[in-house]
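Asker: All chains should be modelled from the sequences, with the hints used to inform the complete structure.
Residue numbers (this note's numbering), protein chains in the order written: chain A, 1 to 238; chain B, 239 to 644.
Careful: at least some of the hints might be erroneous.
[To be verified] Only pairs whose alpha carbons sit at most 25 Å apart, straight line, appear in this in silico BS3-like list of lysine-lysine:
| hint | chain 1 | residue 1 | chain 2 | residue 2 |
| --- | --- | --- | --- | --- |
| 1 | A | 120 | B | 240 |
| 2 | A | 84 | B | 240 |
| 3 | B | 562 | B | 240 |
| 4 | A | 84 | B | 562 |
| 5 | A | 123 | B | 240 |
Read the hints as simulated data drawn from the structure, not as lab findings.
Bear in mind the structure is a predicted one, so any value in this text is a computation, not a measurement.
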Amino acid sequence: MIEIKDIVKDYVNGEETTHVLKNISFSIKKGEFVAIMGPSGSGKSTLMHIIGALDVPTSGTYTLDGNDVSSLDPDELARIRKQKIGFVFQAFHLLPRATVLRNVELPLIYSGVDREERTKRAKEALIAAGLDESRHEHLSNQLSGGQMQRVAIARALVNDPSIILADEPTGNLDSKTGDLVLDTFQSLHAQGRIVVLITHEPYVAGHAERILTVKDGLLVEDKINAERITHIAQYENS
Amino acid sequence: MKTADLFEEIYLGISSNKARSGLTMLGIVIGIASVIAMLSIGQGAKAQIESNIQSIGSNLLMVSPGMQRGFGSTVSAGRGSAQTLTLEDATALQGADGVGAVAPDTSKRFQVTAKGTNTNTQVIGTTPQYLTVRSLAMDSGSFFTESQVTSRSKVAVIGPTVRDDLFGEGSNPIGQQIRINGMNFNVIGMTVAKGGSGFSNQDDMIYIPISAMSTYLNGGDSVSTISVQAADQASMTLAQDSVTAILMERHHISNAALADFSVMNQSDIVSAASSVTNTFTLLLASIAGISLLVGGIGIMNMMLTNVTERTREIGLRQAIGAEKGEIVGQFLGEAIMLTLIGGGIGIMLGYGISLGLSKFMSLTTQVAWSSVGMAFGVSAAIGLIFGYYPARRASRLNPIEALRFE
Numbered sequence: 001m002i003e004i005k006d007i008v009k010d011y012v013n014g015e016e017t018t019h020v021l022k023n024i025s026f027s028i029k030k031g032e033f034v035a036i037m038g039p040s041g042s043g044k045s046t047l048m049h050i051i052g053a054l055d056v057p058t059s060g061t062y063t064l065d066g067n068d069v070s071s072l073d074p075d076e077l078a079r080i081r082k083q084k085i086g087f088v089f090q091a092f093h094l095l096p097r098a099t100v101l102r103n104v105e106l107p108l109i110y111s112g113v114d115r116e117e118r119t120k121r122a123k124e125a126l127i128a129a130g131l132d133e134s135r136h137e138h139l140s141n142q143l144s145g146g147q148m149q150r151v152a153i154a155r156a157l158v159n160d161p162s163i164i165l166a167d168e169p170t171g172n173l174d175s176k177t178g179d180l181v182l183d184t185f186q187s188l189h190a191q192g193r194i195v196v197l198i199t200h201e202p203y204v205a206g207h208a209e210r211i212l213t214v215k216d217g218l219l220v221e222d223k224i225n226a227e228r229i230t231h232i233a234q235y236e237n238s
Numbered sequence: 239m240k241t242a243d244l245f246e247e248i249y250l251g252i253s254s255n256k257a258r259s260g261l262t263m264l265g266i267v268i269g270i271a272s273v274i275a276m277l278s279i280g281q282g283a284k285a286q287i288e289s290n291i292q293s294i295g296s297n298l299l300m301v302s303p304g305m306q307r308g309f310g311s312t313v314s315a316g317r318g319s320a321q322t323l324t325l326e327d328a329t330a331l332q333g334a335d336g337v338g339a340v341a342p343d344t345s346k347r348f349q350v351t352a353k354g355t356n357t358n359t360q361v362i363g364t365t366p367q368y369l370t371v372r373s374l375a376m377d378s379g380s381f382f383t384e385s386q387v388t389s390r391s392k393v394a395v396i397g398p399t400v401r402d403d404l405f406g407e408g409s410n411p412i413g414q415q416i417r418i419n420g421m422n423f424n425v426i427g428m429t430v431a432k433g434g435s436g437f438s439n440q441d442d443m444i445y446i447p448i449s450a451m452s453t454y455l456n457g458g459d460s461v462s463t464i465s466v467q468a469a470d471q472a473s474m475t476l477a478q479d480s481v482t483a484i485l486m487e488r489h490h491i492s493n494a495a496l497a498d499f500s501v502m503n504q505s506d507i508v509s510a511a512s513s514v515t516n517t518f519t520l521l522l523a524s525i526a527g528i529s530l531l532v533g534g535i536g537i538m539n540m541m542l543t544n545v546t547e548r549t550r551e552i553g554l555r556q557a558i559g560a561e562k563g564e565i566v567g568q569f570l571g572e573a574i575m576l577t578l579i580g581g582g583i584g585i586m587l588g589y590g591i592s593l594g595l596s597k598f599m600s601l602t603t604q605v606a607w608s609s610v611g612m613a614f615g616v617s618a619a620i621g622l623i624f625g626y627y628p629a630r631r632a633s634r635l636n637p638i639e640a641l642r643f644e
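Answerer: The structure is reproduced here in structure tokens:
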């Protein structure tokens, strides 16, 4: 459950203040598949950083699963990210000289999970992300782009987070593998997770069930993507 | 994060760039090895000098003429320059409290010849007790006796080096004649080689009766040193006190500060010599310490490069929930691990160098446990000091900027 209320984000650079987000409010319920769309410079990346607890707003409140995240210190934010958020990046960000399995285990290592339990959960996450066991011991830099993104998805999934936050996840992939990755998000969403997709491409955003459009730091559109809705009831009140 | 996992991450971090880690470690290896080797040379020299001093004799007190000052005068003629000790002083010390044996001596360098060969060596005039006091032993022949001292016999006991120089190695010098300052002396004995070296080579000496020395060679009855052997280790202080008291009374001196002689015991001599070797060791170690410092800067440089190169990885670790302490732990851990492994290899290499030096360069070396422990501590400290700044820098990266870093 995400509640964004009156979020403002300013960047101060010397004398100049840039207003990147100018009062944005919305909420996302459990199990929603939402795309945040907007051209570059619209403030969607900043919004993603705030939702992902990588940054805090200048003013306004952000409540995640009932916890106020808007005024935490860096270590508290790190703990929120560890427990509640799984990131998928455009550039994958895998550790190149580590095995696929190790990459997926990394969030569990920081959570202090035992080795056996860790390996078991990492393997389950990899299979859920569509990467079969034959590749688990490969080094991550030996994989294709699509496979790398599946590893990254498994890594985002492994801690069983409330939100999967994907930043242009298909940006470095060809359209066919991109579609496969988007299908993967679809099935993760079907398991009841919040999936938030940040993109500038209407085609990618079209895979989500709800599309938020950000422009010049303001939320300009919040629409339900009727084509994709499988269970309308969930969106009745939004 | 669990400790075992932290170690695994540290290991993976180091082993992922083996060439660079190895080269960085090399700086520490060389630094630690040179510290160990230099300290071993210093400590070896110290041990050797101490054993040389011990080999002069045991429980030994050396009485030497002090500086002479007139009553109320501040003009000093310099320590040892006065001719204030006499044979009678030595005789008076016999049988004093705590005193075992007493041997006065007077020495001077002379040109010594024998059948066309010649050498320049130290001639010592003394008494038979010298043998006991200085723990000398006879290799062949015998030392001169009290009666030979009384009768001013022109007999000589030579050291093995003198034998080698005058008669050739391995020859029998007993019964041969040598000329000291134009006087013929009969060689009646030769001392056992002590293998001393440097300024006090006891093998390069000629011993003659002190009476013969003063009558034929030196003139006068002043002595240059009186060697006193205490009865045992426990009576060193007693002997020192009674020797001082007797000599002060004989020389009519009531204020110990004005004494015209000085009494030194062996531990004074050892500590004087140690202070020299300690300075020497410190000098060697500080030169080696500089290379260790350079190695430490190498570590810092490598870790800074590492942090820059792995900025995106740090950003990713932060994004998936690594806290500041965990990032610091990883990078600091990598630096400390590198220096500890480097230190370990350096200790072994330094030990090898010191063995090599003593084997092939005939230098006495000694690797003390304290310097091994110190080397290990220093390498850990270097990792800590030079690794801290890069690690802190890594932990303070902004995750958003770190993830975007190209």
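Asker: Hint numbers the structure violates, sorted upward?
Answerer: none
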